[in-house]
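So the sequence lines, in the order shown, correspond to chains R and U. Residue 121 in UniProt numbering sits at position 121 of the first sequence; the count goes up by one each step and never skips. Residue 211 in UniProt numbering sits at position 211 of the second sequence; the count goes up by one each step and never skips.
Any given hint could be a false lead.
Because identical chains cannot be distinguished in the list, a pair is counted as satisfied if it fits within a single copy or across any two copies.
Calculated lysine-lysine pairs in the DSSO-like style (CA-CA distance at most 30 Å, straight line) [as the list claims (entries may be wrong)]:
{"hint": "1", "residue 1": "K273", "residue 2": "K317"}
{"hint": "2", "residue 1": "K184", "residue 2": "K273"}
{"hint": "3", "residue 1": "K151", "residue 2": "K317"}
{"hint": "4", "residue 1": "K165", "residue 2": "K323"}
{"hint": "5", "residue 1": "K165", "residue 2": "K317"}
{"hint": "6", "residue 1": "K10", "residue 2": "K189"}
{"hint": "7", "residue 1": "K291", "residue 2": "K189"}
I should point out that these hints are in silico values taken from the structure, not numbers from a laboratory.
Protein chains: 2
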Amino acid sequence: MKSELVSGLKLENLPTPALLLDMSNLEYNINLLADFFRDKPCDIRPHMKGHKNLTIAHMQIDRGAIGVTCAKTSEAEVMVNGGIKDILIANQVIESGKINLLAELARRADIKVAVDSYQNCENLSRIAVEHGVTIGVLVEMDIGLGRCGVKSFDEGINLVQEIQKLDNLEFRGVMGYEGPFRDKTQSEKSDMVKESLSRVVQLKRRIEQENIQVEIVSCGSTGTWDITGNYPEITEIQAGTYPLMEVPYLEDGLPFKSALSVLATVISKSHDKLILDCGLKAVTDDQGIPKLMDYDSPIVGINEEHSIVEIDHETEKLEIGDKIRILPAHSCTTVNLYDYYCCLRNNEVVDIWQVHARGMVT
Amino acid sequence: MKSELVSGLKLENLPTPALLLDMSNLEYNINLLADFFRDKPCDIRPHMKGHKNLTIAHMQIDRGAIGVTCAKTSEAEVMVNGGIKDILIANQVIESGKINLLAELARRADIKVAVDSYQNCENLSRIAVEHGVTIGVLVEMDIGLGRCGVKSFDEGINLVQEIQKLDNLEFRGVMGYEGPFRDKTQSEKSDMVKESLSRVVQLKRRIEQENIQVEIVSCGSTGTWDITGNYPEITEIQAGTYPLMEVPYLEDGLPFKSALSVLATVISKSHDKLILDCGLKAVTDDQGIPKLMDYDSPIVGINEEHSIVEIDHETEKLEIGDKIRILPAHSCTTVNLYDYYCCLRNNEVVDIWQVHARGMVT
Numbered sequence: 001m002k003s004e005l006v007s008g009l010k011l012e013n014l015p016t017p018a019l020l021l022d023m024s025n026l027e028y029n030i031n032l033l034a035d036f037f038r039d040k041p042c043d044i045r046p047h048m049k050g051h052k053n054l055t056i057a058h059m060q061i062d063r064g065a066i067g068v069t070c071a072k073t074s075e076a077e078v079m080v081n082g083g084i085k086d087i088l089i090a091n092q093v094i095e096s097g098k099i100n101l102l103a104e105l106a107r108r109a110d111i112k113v114a115v116d117s118y119q120n121c122e123n124l125s126r127i128a129v130e131h132g133v134t135i136g137v138l139v140e141m142d143i144g145l146g147r148c149g150v151k152s153f154d155e156g157i158n159l160v161q162e163i164q165k166l167d168n169l170e171f172r173g174v175m176g177y178e179g180p181f182r183d184k185t186q187s188e189k190s191d192m193v194k195e196s197l198s199r200v201v202q203l204k205r206r207i208e209q210e211n212i213q214v215e216i217v218s219c220g221s222t223g224t225w226d227i228t229g230n231y232p233e234i235t236e237i238q239a240g241t242y243p244l245m246e247v248p249y250l251e252d253g254l255p256f257k258s259a260l261s262v263l264a265t266v267i268s269k270s271h272d273k274l275i276l277d278c279g280l281k282a283v284t285d286d287q288g289i290p291k292l293m294d295y296d297s298p299i300v301g302i303n304e305e306h307s308i309v310e311i312d313h314e315t316e317k318l319e320i321g322d323k324i325r326i327l328p329a330h331s332c333t334t335v336n337l338y339d340y341y342c343c344l345r346n347n348e349v350v351d352i353w354q355v356h357a358r359g360m361v362t
Numbered sequence: 001m002k003s004e005l006v007s008g009l010k011l012e013n014l015p016t017p018a019l020l021l022d023m024s025n026l027e028y029n030i031n032l033l034a035d036f037f038r039d040k041p042c043d044i045r046p047h048m049k050g051h052k053n054l055t056i057a058h059m060q061i062d063r064g065a066i067g068v069t070c071a072k073t074s075e076a077e078v079m080v081n082g083g084i085k086d087i088l089i090a091n092q093v094i095e096s097g098k099i100n101l102l103a104e105l106a107r108r109a110d111i112k113v114a115v116d117s118y119q120n121c122e123n124l125s126r127i128a129v130e131h132g133v134t135i136g137v138l139v140e141m142d143i144g145l146g147r148c149g150v151k152s153f154d155e156g157i158n159l160v161q162e163i164q165k166l167d168n169l170e171f172r173g174v175m176g177y178e179g180p181f182r183d184k185t186q187s188e189k190s191d192m193v194k195e196s197l198s199r200v201v202q203l204k205r206r207i208e209q210e211n212i213q214v215e216i217v218s219c220g221s222t223g224t225w226d227i228t229g230n231y232p233e234i235t236e237i238q239a240g241t242y243p244l245m246e247v248p249y250l251e252d253g254l255p256f257k258s259a260l261s262v263l264a265t266v267i268s269k270s271h272d273k274l275i276l277d278c279g280l281k282a283v284t285d286d287q288g289i290p291k292l293m294d295y296d297s298p299i300v301g302i303n304e305e306h307s308i309v310e311i312d313h314e315t316e317k318l319e320i321g322d323k324i325r326i327l328p329a330h331s332c333t334t335v336n337l338y339d340y341y342c343c344l345r346n347n348e349v350v351d352i353w354q355v356h357a358r359g360m361v362t
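Modelling step: build the complete structure from the supplied sequences, incorporating the hints.
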């Protein structure tokens with residue numbers, strides 16, 4: 001949207017629900033992580049699946065990030081088309097159509113993708129040869145999540161050795177996700193993260209013992225940023241949520257500020273409840289119930305099109321038509337519901353940014 | 001998408017996750033409901049918040065539906081721009097910007113909106129006068145859900161009497177939502193639905209005792225279609241899910257067929273689990289965990305980008321790259337994640353339909 005269209009747009013006039021982005025807090029978060037890692041051996045390769053936005057990705061890169069992490073091939077396409085040159089798809093890309101797209105993207109960017117099976121590597125190699133490009137691969141290890149990834153060191157080393165024999169496929173390193181460990185104490189979490197990381201680092205060393213270079217060891221999330229980012233031999237972290245944040249991470253006491261909220265309107269009121277025009281199509285509950293930003297009154301229910309707030313002494317003064325801000329409990333799935341961010345500075349609307357990769361599920 | 005582009009598109013080549021629509025089952029469901037209501041006093045005003053698609057809405061109208069129900073003003077705009085002439089927004093429209101849009105839509109369609117407060121009615125009237133149009137209103141009664149709606153008959157009658165005094169606002173009837181009652185037996189459900197409906201019908205009669213005509217009594221959902229559709233004095237039902245269906249309604253034994261599924265690919269496999277490329281951004285879990293379409297193996301976890309299937313004797317033969325179909329547990333929130341339906345007949349891709357009202361949250 002052109003800035004002249006935005007200049008008259010007031011926060012109180014935005015149609016609700018609206019996805020709000022606090023620019024100062026966004027910048028604070030990006031700077032905080034960038035400053036922490038500036039003189040450290042570990043790099044930042046932020047995951048873009050949360051913000052799904054090119055402007056934020058470029059802000060992160062301008063502040064030192066080496067590239068971006070994507071979950072999906074279609075997200076990588078958006079990023080490469082938006083000028084990002086260094087991409088890790090932290091996921092298995094299996095379908096031939098998607099691998100063809102990857103190969104095309106590899107003409108314009110340094111493309112790396114996670115692998116955990118020989119059959120997939122063979123397809124990647126065949127299609128890379130057809131396109132005359134090289135695709136980088138990271139061997140994913142399951143370090144505790146029970147999801148994708150090789151399950152043992154032997155399985156990992158065997159896969160790396162097979163990759164070495166395949167044309168136009170370049171083994172670049174290893175990857176693992178140590179998990180969120182959200183229900184653990186800080187001390188328990190730290191022990192569990194380090195235990196997980198030790199496995200991916202051990203795989204790396206075992207591969208090196210075979211005289212194969214391991215350039216990248218990629219792990220990490222916003223929840224484990226400082227533990228993983230300080231762990232020896234981890235070369236990059238994939239933290240994704242820290243620019244925007246969300247309720248569980250805020251409650252974990254992470255040092256990042258809340259930059260994302262959803263503006264809602266009170267559309268009905270009874271003696272004990274406020275009904276907001278913001279349901280599951282506007283703020284998700286898959287990581288818990290969202291919270292109000294300026295009030296302690298709990299959201300006691302969230303249906304498809306409505307949120308229900310229990311009135312207390314603070315919220316009893318709110319009337320039909322009043323606006324209220326909600327903090328998402330899961331920013332990644334919430335942002336994906338919107339086509340635009342409404343960007344605020346000092347609570348004034350200063351810009352509208354597209355959610356460039358919204359709905360890029362493939 | 002032009003049909004010549006689709007003609008070569010094979011189900012097995014669709015990039016996954018893909019939203020699949022079985023055209024025969026869609027038609028079966030629309031016909032079944034239409035046939036049931038053809039000679040009954042109750043009309044069908046299907047809710048479009050589930051399918052969010054103009055083509056399906058027009059199919060429903062061609063088979064006798066009197067118009068559509070919307071949840072949001074922006075959905076109503078899509079419907080009116082797509083040629084639908086009779087619209088109920090079964091929700092309170094509070095913000096002035098949205099009411100201005102409603103008033104504009106009222107030039108091209110018969111627009112009705114739910115109300116439960118005098119202040120809202122006054123704003124609707126003022127803006128309708130400014131635009132020189134008439135907006136219809138239905139007084140919503142809370143008949144058990146504890147959400148929007150007047151809470152008593154007296155409150156409802158008072159509101160109707162106030163509406164009678166307001167310019168350019170036309171009282172058209174009453175509305176209530178009797179709830180899904182999904183955890184109840186059929187007999188318990190039937191009793192509870194009838195108890196709820198008796199309240200909205202009682203409100204209607206009390207209003208008529210004031211010599212005010214009540215043209216519309218609008219209730220109902222897919223879960224209560226036959227109970228509500230046969231209940232005396234209910235004039236229309238708002239069933240929305242029946243064209244597509246979803247797991248809980250299928251398990252309830254409703255006579256409609258499953259027309260919606262999500263195509264996913266096996267991207268990783270261990271000795272006991274299959275990992276699919278379909279997470280919460282491609283199929284939602286807010287009404288329970290989705291199920292596989294052709295296998296009994298349970299989906300035991302659904303993360304943001306992955307589903308995890310426990311392998312049994314049926315699924316152990318599936319390999320990385322194989323495709324598998326998932327039945328959503330909530331079609332409304334799942335469809336809203338996609339820009340397109342891939343339409344199938346006899347498992348051949350025959351068309352691509354836009355999800356016209358995807359992301360219309362305001």
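Tested hints:
no.: 1; hint: K273 <-> K317; in the structure: within (12 Å within a copy, 52 Å between copies)
no.: 2; hint: K184 <-> K273; in the structure: between (33 Å within a copy, 26 Å between copies)
no.: 3; hint: K151 <-> K317; in the structure: between (56 Å within a copy, 20 Å between copies)
no.: 4; hint: K165 <-> K323; in the structure: between (61 Å within a copy, 28 Å between copies)
no.: 5; hint: K165 <-> K317; in the structure: between (70 Å within a copy, 28 Å between copies)
no.: 6; hint: K10 <-> K189; in the structure: neither (43 Å within a copy, 47 Å between copies)
no.: 7; hint: K291 <-> K189; in the structure: within (25 Å within a copy, 33 Å between copies)
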